[in-house]
Every structure is written in structure tokens, then in C-alpha cells.
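Chemist: Chains as they are written, first to last, in this note's numbering: chain F, 239 to 553; chain E, 45 to 700.
In case anyone wonders, no lab produced these hints; they're calculated from the structure.
Warning: the hint list may mix true and false statements.
[Stated by the list, open to error] Where chain E lies over chain F, by a calculated footprint (3+ residues, C-beta under 8 Å):
(1) 367-374
(2) 380-394
(3) 500-514
(4) 526-533
[What the hints assert, rightly or not] Partial list, computed: chain E residues near chain F (C-beta under 8 Å):
(5) Val182
(6) Trp185
(7) Thr609
A quick note: this is a predicted structure, and the numbers were derived from the prediction, not measured.
Using N, Cα and C, we set each Cβ at its ideal position, and we do this for glycine too.
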Amino acid sequence: MIANLRQSISDWIFRASVPETPPVTLVQRRIFILPTRQGYTFAFTMLLLLVSSINYALSLGFILTFTLVSMAGVAMLHTWRNLAHLKLRPGRCDPVFAGDTAHFGVTVETPSLTRFAIAVRRRGEEPVYADVLAHESKLVSLPVAAPRRGLLRCGRLEIYTRYPVGLFHAWSYVDFDLRVIVYPRPDPAAGSPPQHSRSASEEGIPVPGDEEFNMLRAYHAGDAPKLIAWKALAREQGLLTKEFSAMASSELWLDWNEAHAPDTEARLSVLSHWVIQAERYGQSYGLRIPGVSIPPGRGEAHRTRCLEALALFGA
Amino acid sequence: MKAQPPSPHLDVRNVMWLLAAMVFVVAPHMLRLPYWVGVFFLVVVAWRAWIAWAAMHHPSRWVTALLTLAASVATFTQYGRIFGREAGVTLLIVMSSLKLLETHTQREVTLSIYLGFFLVLTNFLFSQGIPLGLYMLVCVWIFVATLVGFNRVGSSPTLSERLRPAGALIIQALPLMVAFFILFPRAQGPLWALPQDTRAGSTGLSDTMTPGNISNLIKSDAIAFRVQFDGDRPPFSKLYWRGPVMTEFDGATWSMPPIAPPGGLSYSKREMRSTYTITLEPHNKTWLFALDVPAVVPPGAYALGDLELRDRRPVAERKRYEVTSYLDYRYGERTSRAVLEASLRFDESRNPRTVALARQWARESPDARALLAKVFQYYNREFTYTLEPPALDRRDPYDDFLFESKKGFCEHYAGSFALLMRAAGIPARIVTGYQGGEVNPINHELVVRQADAHAWTEIWLPDQGWLRVDPTAAVSPLRVENGVNAALGPIGVMNSIIAADPLGVLVNIRNAWQAMNSQWDQWVIGYNTDKQRQFFSSLGFPSVDWRTLGFWLLVSTFVVGGAVTLGLLVRDRPPRREASLVAWNRFCAKLAAAGLPRAPHEGPLDFLARIKSARPGCGEPAEDITGRYVQARYGDGATREELQELARRVRRFRPA
Numbered sequence: 239m240i241a242n243l244r245q246s247i248s249d250w251i252f253r254a255s256v257p258e259t260p261p262v263t264l265v266q267r268r269i270f271i272l273p274t275r276q277g278y279t280f281a282f283t284m285l286l287l288l289v290s291s292i293n294y295a296l297s298l299g300f301i302l303t304f305t306l307v308s309m310a311g312v313a314m315l316h317t318w319r320n321l322a323h324l325k326l327r328p329g330r331c332d333p334v335f336a337g338d339t340a341h342f343g344v345t346v347e348t349p350s351l352t353r354f355a356i357a358v359r360r361r362g363e364e365p366v367y368a369d370v371l372a373h374e375s376k377l378v379s380l381p382v383a384a385p386r387r388g389l390l391r392c393g394r395l396e397i398y399t400r401y402p403v404g405l406f407h408a409w410s411y412v413d414f415d416l417r418v419i420v421y422p423r424p425d426p427a428a429g430s431p432p433q434h435s436r437s438a439s440e441e442g443i444p445v446p447g448d449e450e451f452n453m454l455r456a457y458h459a460g461d462a463p464k465l466i467a468w469k470a471l472a473r474e475q476g477l478l479t480k481e482f483s484a485m486a487s488s489e490l491w492l493d494w495n496e497a498h499a500p501d502t503e504a505r506l507s508v509l510s511h512w513v514i515q516a517e518r519y520g521q522s523y524g525l526r527i528p529g530v531s532i533p534p535g536r537g538e539a540h541r542t543r544c545l546e547a548l549a550l551f552g553a
Numbered sequence: 045m046k047a048q049p050p051s052p053h054l055d056v057r058n059v060m061w062l063l064a065a066m067v068f069v070v071a072p073h074m075l076r077l078p079y080w081v082g083v084f085f086l087v088v089v090a091w092r093a094w095i096a097w098a099a100m101h102h103p104s105r106w107v108t109a110l111l112t113l114a115a116s117v118a119t120f121t122q123y124g125r126i127f128g129r130e131a132g133v134t135l136l137i138v139m140s141s142l143k144l145l146e147t148h149t150q151r152e153v154t155l156s157i158y159l160g161f162f163l164v165l166t167n168f169l170f171s172q173g174i175p176l177g178l179y180m181l182v183c184v185w186i187f188v189a190t191l192v193g194f195n196r197v198g199s200s201p202t203l204s205e206r207l208r209p210a211g212a213l214i215i216q217a218l219p220l221m222v223a224f225f226i227l228f229p230r231a232q233g234p235l236w237a238l239p240q241d242t243r244a245g246s247t248g249l250s251d252t253m254t255p256g257n258i259s260n261l262i263k264s265d266a267i268a269f270r271v272q273f274d275g276d277r278p279p280f281s282k283l284y285w286r287g288p289v290m291t292e293f294d295g296a297t298w299s300m301p302p303i304a305p306p307g308g309l310s311y312s313k314r315e316m317r318s319t320y321t322i323t324l325e326p327h328n329k330t331w332l333f334a335l336d337v338p339a340v341v342p343p344g345a346y347a348l349g350d351l352e353l354r355d356r357r358p359v360a361e362r363k364r365y366e367v368t369s370y371l372d373y374r375y376g377e378r379t380s381r382a383v384l385e386a387s388l389r390f391d392e393s394r395n396p397r398t399v400a401l402a403r404q405w406a407r408e409s410p411d412a413r414a415l416l417a418k419v420f421q422y423y424n425r426e427f428t429y430t431l432e433p434p435a436l437d438r439r440d441p442y443d444d445f446l447f448e449s450k451k452g453f454c455e456h457y458a459g460s461f462a463l464l465m466r467a468a469g470i471p472a473r474i475v476t477g478y479q480g481g482e483v484n485p486i487n488h489e490l491v492v493r494q495a496d497a498h499a500w501t502e503i504w505l506p507d508q509g510w511l512r513v514d515p516t517a518a519v520s521p522l523r524v525e526n527g528v529n530a531a532l533g534p535i536g537v538m539n540s541i542i543a544a545d546p547l548g549v550l551v552n553i554r555n556a557w558q559a560m561n562s563q564w565d566q567w568v569i570g571y572n573t574d575k576q577r578q579f580f581s582s583l584g585f586p587s588v589d590w591r592t593l594g595f596w597l598l599v600s601t602f603v604v605g606g607a608v609t610l611g612l613l614v615r616d617r618p619p620r621r622e623a624s625l626v627a628w629n630r631f632c633a634k635l636a637a638a639g640l641p642r643a644p645h646e647g648p649l650d651f652l653a654r655i656k657s658a659r660p661g662c663g664e665p666a667e668d669i670t671g672r673y674v675q676a677r678y679g680d681g682a683t684r685e686e687l688q689e690l691a692r693r694v695r696r697f698r699p700a
């Protein structure tokens, strides 16, 4: 109840412009602080200690009580400054397939002191804790389930801390409008892309692939070890990479109408699977769905473009 | 509801810290309470440690419920109640340990730590001395460190990462604590009735005297009271601190009269005036101590006819009072018949040999002075003053003492002497109290310990009134002149060690320690409404009520709190990059003054190259400064400390 009220009050006080321009520094007016439930229990304990000290005329009891009360006051400052001046930047938010876990990244950087137990969370979700060392930046990655395809928005993030003694909750909000693109979950039952959709031109243009040996070329960093021409190396011809080519006899069109499935989402899953398959077999493929037509191509960027189109279909 | 913060799995190390903190805080209680309490506590703590260590299941609810019930029953059986100091603390310890047993969430951990703070407080019910105070400070530190550990979610802090922040929190809290301590209005008296045994365990004189009970008391090194004299201290032979006066006698035990004799301070000679302040340790009795004879009675107290000073309430807290006494006096020439008759009464059937001897002497020497001389002669002949007298016959103890053992302590001499006097027809009574004391050379206080407990007698002679006669002095004059240690040799382990130290270093240490304790007792433990008033009037506020205190409390909270806040926040303001530029400009200005100005287009590294070739003498510091500047301004930036170091080096830089 109180937490809800607190949330809505601070929502009202704290109408941040969305999205904010990074980096966001948590300046004084952005930080809120209130006692935690443990803080209130502590206050009650202090009251009991005080009453007992008065009643039994225990001077050392007074000293104990006042030390702890003052410590709580100092702890409030420490909690506040554990959050103050932190610098936040949006971090990596890689696309995922529906059903996987998406990660929203926020980079936290401290200009001065090391900060302990900095928590970041989305509203109503479990926080992720991180220690941020002085002069270092730390990527905090918030795992979020991505059950459905589409655009998953992170929404406003709460960054908070209760360090050092948990009596106070200092918090601030930041909204970088982080988003993760959730691709439709590939449907493995869909099999390979339908072959009959190959177009008439049958002469065959070799495109890079791994089915048929084509030529040797100079080694580039990152080439798979299994592609290295070890025999050539043994003959002291240097590091060479075997290049295979798939006989991409034609352009493959992954067509909405060819994907037979009961509903739109299932259809998108089928197409998603086909895109992945086509890419894996090194085929050049195009995508045709209502409203979007992506000309045939290959490679990571192309695949991403196709999957994005599927993810955002109808959006 | 907002989602609860996760209850991260309680880290084993954190749990161990919590358990260690609990053991630390309960340890002093284990020495005071029945041994089963300590055993129970340690077993439960070990059980909890094992649960954490081996990742076992917590015991089920009914097991803890059963243990709770068993512990409550044990407590009740032990004390016959569950309230009161010992019983309450026992119950609290037992319950805290059981609480630990079922602690498995962060919130329960926090509750356990708060319970720990309460256990710290219960220790102060037993002692508020400096050693325990310091020990409890360490306990609080460990508790706060434990709290810090539990709040380091997501990582496991090192030892110093726990202790340092906790220490910083406590140290930064101290200024405000001191302000609160001085200014918080103190209440007069308790808010509710104290449990009966709250102040139990204090030693002191009792209201009866049987041969043997003072020699038990004398083994205690505990302080009975402290005295500060206005002006010179009277000689030791005059320092008779008068306590309970015992007139009733049953043949073995002397006791106070059931009805106190009516009061009045009437005496005919008053000389050797002495004024002094006594700080009396609580003894739970109404009597106060003063030198014979008191003339000015402290407020709230009254004097009885036998010159006993009484407080209206039992002294349950340390009490300070001022008394003026006349050490040379004469009183009681006109004493009522009833009192004199009571001072002659004894049981004819007991101690028959003593009575017979006294009557024989009385016949031989009708003059009181001659009689006294005879008695003292007798004592002087074969008697020994000893702390370990043999046990005496129950029925006729004084016969046994005077004719058989002839070894005794002050109560033997005083008791037998008073009986001899009564049997000889001279009114006599026993006065108990303390004799002498020990002067602390550091603050010149006289410290009177339980070991200084003493018993002497008073006899009544028609033309002289009541006269003090100390038969112990006849046997052991040293006892009265130089104190009990001189007469009997060092008493107790501590005194033996101190006596064995030829250089007297230990004596000095003990004296310094006692002086410190005295200050602590007066200004910390004894800080009450009166002290508060005294403190404020010394500052120039004549009358202080709670409203004034509240006002200053508020002011000091803001001032002290504000200062601490500023101190904290200024320190971690992010360092300014311009600081490096300021330092660099100063560095360039120094070189320009030395005839080597930096050209406007010249970058730091080019300039450095030129400095090195032009002034090889200062090449090294210049390289160091330039390196630091480049790092701070163009590199990864610099911390506050690094910037300060840069500025320091520029300040020290001398272009050669």
C-alpha cells in the first residue's frame, strides 16, 4: 500500500523526460531517501532502549542509544552518498528469440568512491546487485523473460541502494527507453524452406558456403580452424583457408503465403525458422510478408533485418 | 505492495558473524548467570552454525516451541519468577538464541541484531565500568559490521570491508552522541518500579554483627565510597566512618534496635571541623556514612539518637552527599534511661566465663579507667589480630574467643569488649562502619573499600557521655593508624601483586586507574539531573528546564549533524578536472619566473622536452609533474588524492 503510494507520489514528483540523454548523473535532486521497514523497526528498538535507559538510569544505556541513533543518522548520509553522483549510460540490449531471456544493460560508473550493493530493477521485479569500483564502469544486466515476439521495452528503471546498514532506501529513476527486439520463436517442425520456390534460372552462381571446395585464399583472423588448409601449411605455403561454395542455384524467397500455419504467430515462427535455416545453409534468401518485402541477400546484417521485420510484423 | 527485496541465501560467513557477535555480547552474562544458561546458549549457537555450515534444514517449529517452553520452565524453576534482573536477562538470552535458530531471512537477521543491541543494554544492568563499556563498544562494532555484511548483497566483503565502514559509522556518530548525552533531559527516578533484585549483589555492611561476618566482607576489594575533603584530610586515626549502631545482643549476634532511637544532634563540644563530600556506592540500605560526629546533615537524610545517619529511601543508586563533622566532640551526657538500660542488657546464661571475669574485674577496680586499663592489658597479652580466626562455639562464642582461641578480627574484639563492659555495668554498644581508607595521590580522593570495614565500641560514662573505644587498636595499633593492609599484610590477589612491586609502578597505575574511574563515575555514570544543572550553571545558564534543553538539543543536532554531513559530503565530491589545470598553470608560472616561459602553442610534452634540455637539473620533477598532469587532463582522469598529490608536487617544485 505505502509502497504503491510512494511509487505514485514519486512518479508525480519525478516526471523524467523520456528518453533521457545519456549519461545521466544522479545529482542531488534526483535521489530520494526514506527509511526501510527495517529502519522503522530500528527506530522502535531505539525507543525501547531509551525507555529502558531512563527507567534503570543507565548512563551507558543512554550512550548506547544515542550512539545507535546518531549512527542511523550518519547511515542515512552514507546510503545517500552511495548513490549520489553515479553516472548511468544505456548498455547492451541484444535481440533474443521469444521464450528466451532478454537482457537490458545499464552501465554504472562512479566518479569517486567505490559503491557497494547498488541495485537496479524494473518495477515489480527482482533487482540485480553490483559493486562499482572507483573510476570503473560496470555493466548491470537485467534479465527479463521475453515470452512474446515484438518490441520489449524496459521502461523506467529504479536504481537504489540500502548499503551500509539497510536502514534507509535511497533511490532514483532513470529511463533510457531501452528496448530489446524479440524475434519470433523458430518453429523447428517447419522443416526446410520449400525448395520449389527456387526460380527458373538454373545455371548456378557460386556463392560462399561450405558445401563444395572452391579455392584457397589467404587466412583471415577468425576463420574456423576446420577450414584451414593444414596440408598447405605442411607444404610451407603459409596459412591458407579453404573456401567452399554452395551452389546457390537460385534466390530463395521466404513467402508469407508458403508458410502454412494456423495463425499469424505460428506463421511468423515458421518464417523465422526458415530464415535461420537459409542463413545456415548459405543460401541467398528474400523475405516477403504482407507490407514488407526484403530483397534476397545473405549475411548477418541481412538475417537481422529479416528477423526484425518478422519481430515487428504488425506493430 | 512493492516486491520485497530478495532474501538472498544467507551467506555462511554472514551467519557466522552474527553468531560470533551474539557470543561476544552474551559472554559477560555467562560468568554471572547460572551455568546452564551459558551451556544452553552455546549449544544452540553451535547448532545454528552447523545448520549454516552444512546447509542443513532448520528445526521444525514444534522443536523450537518445545525448546522455548523448556527454557521458560528452567528459568522459572531457577528464579521462581520470570521478571527481575537475572531472570529477565536469562529469558532474553535463551529467547535470542532460539530466535537465531529460526533465522533464515534477512529480516529475521536484522531482528536478531536489534535483539543483540538490547543484550548490550542488559549488560549495563550489572556493571557500568570502563572495561565493560569498552567491551560493549567492541560488541556494537561487531554487530554493525555484521549488519554491513548482510547489506553487501551480491558480494562477499572482506574483514576490513566489514569492520571499516562499521567503525566509520560509529566514529562519525560520536559527536552527535555526545551532544545528545549532555543535553537529553534526565528524569528523576524510574518510570516504573524496579524489579526487586535489580541492584542485588552489592556488598556492604549488614544490620547484624556476628563474629566472622566482617572478616568475610573484608576480602572484597570493592569500593564502598569515596571522599573528597574540603581542606585538609584529618589524620587516619580520626577517620571512623560511622554506620549502623548495634545495641541488641543475644549472646552471639549484635543487631540494630528494632525501633530506631529518636534523633537529635545534641553535643556539648564541637571542635576539629571537617567538611567533605561522599560518593556512596549503592548498598540497598538506608544508612549513610559520616565521620563521628555529623553536624550538618545532607538534605533528604536525618540523624538518629545514636548519631546514625539515615536516608529516607534505600540507596539504590550511587549517591553523593556533603557532610560537616566535628572530630573532637562530646555527646550524650544526658541519655535516656531506656537507651542506657538497653545498652546494659545481655543474656546471663550465655558466655558465663566472660561475664564472671567482667564482674570480677569490676569488683577489683570500681573506677572505669582502671577497668579499661585492665581489659586492654588482657587483650595486649596474648591476643592476635588475624583475618582467619578459627570458628567459635555457637552458644558461647565470646567465652571461646577470650579464653580459648584468642585469635580474632575487629568484630571479635568489639563484641567481646562490649560484652565485658555490659557485664561490668558500663553501658556499651557496637558501632560498625569503615575505618581509614586509601588516598589516591592523583586526585587526592580518599577511597574507602569494603576491606576497610570495621567494628568498634562506644561506652557511656556518666560525666563524659558516649566515648569511642576501639579494642582492635589495643591489639593492632597499626590497623587504625595505617589501615588494614599494613596490619594484616596485603589482602587479595591484586594487593599482593601490588605489594610485590618494588618500584611502585603498579601502585601508580592503580592510582591513575582509580582517578579515571572516579571521573567516569562522576561525569558519565553519575550524570543525572543535578549534574546536568551543574554543568549548565557552569556555562552560565542558571536554571535549566526541559524546554531549554530541548532547544539546545535541536540546535546542536543541526550544528553537529550539519558539520558531520559537510565533512562527509565534501570529501566525496567528484574531483574537478580543472584542478589539474590550476596546478599546471602554477607550474608554468614558476618556470616563467625562472626565465623559461611556455610558448602559447607549446603542448605539455614539447614544453617538457625544452625544460629537460634547458634545465637538466629539474628534469626529473618536471617529468613527474607533466606526466601526472597529462594523465589527469588527457588520460583517464585522476582521483582527488592524485590531484592533491599533483598540487603538492607543484608546490614543492623549484626550477633550478
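Chemist: Interface hint check: threonine 609/E, Cβ to nearest Cβ on chain F, cutoff 8 Å. Holds or violated?
Modeler: holds (6 Å)
Chemist: Let me know if the C-beta of valine 182/E comes in closer than 8 Å to any C-beta of chain F, holds or violated.
Modeler: violated (13 Å)
Chemist: Closer than 8 Å Cβ to Cβ for three or more residues is the test here. Does the segment 526-533 of chain F pass it with chain E?
Modeler: That given contact is violated, which follows from only 0 residues of the segment 526-533 of chain F lying within Cβ reach (below 8 Å) of chain E.
Chemist: For the segment 367-374 of chain F, do at least 3 residues have a Cβ located nearer than 8 Å to some Cβ of chain E?
Modeler: holds (count 5)
Chemist: Would you check chain E against the segment 380-394 of chain F, counting CB to CB pairs closer than 8 Å, and say if three or more residues qualify?
Modeler: Coverage by chain E is violated for the segment 380-394 of chain F (0 residues, Cβ < 8 Å).
Chemist: Closer than 8 Å between Cβ atoms is the bar; does tryptophan 185/E clear it against chain F? Give me holds or violated.
Modeler: violated (10 Å)
Chemist: Test coverage of the segment 500-514 of chain F by chain E using CB-CB distances below 8 Å; three residues minimum.
Modeler: Since 0 is below three, the answer is violated.
Hint compliance for this structure: hints 2, 3, 4, 5 and 6 are broken, all remaining hints hold.
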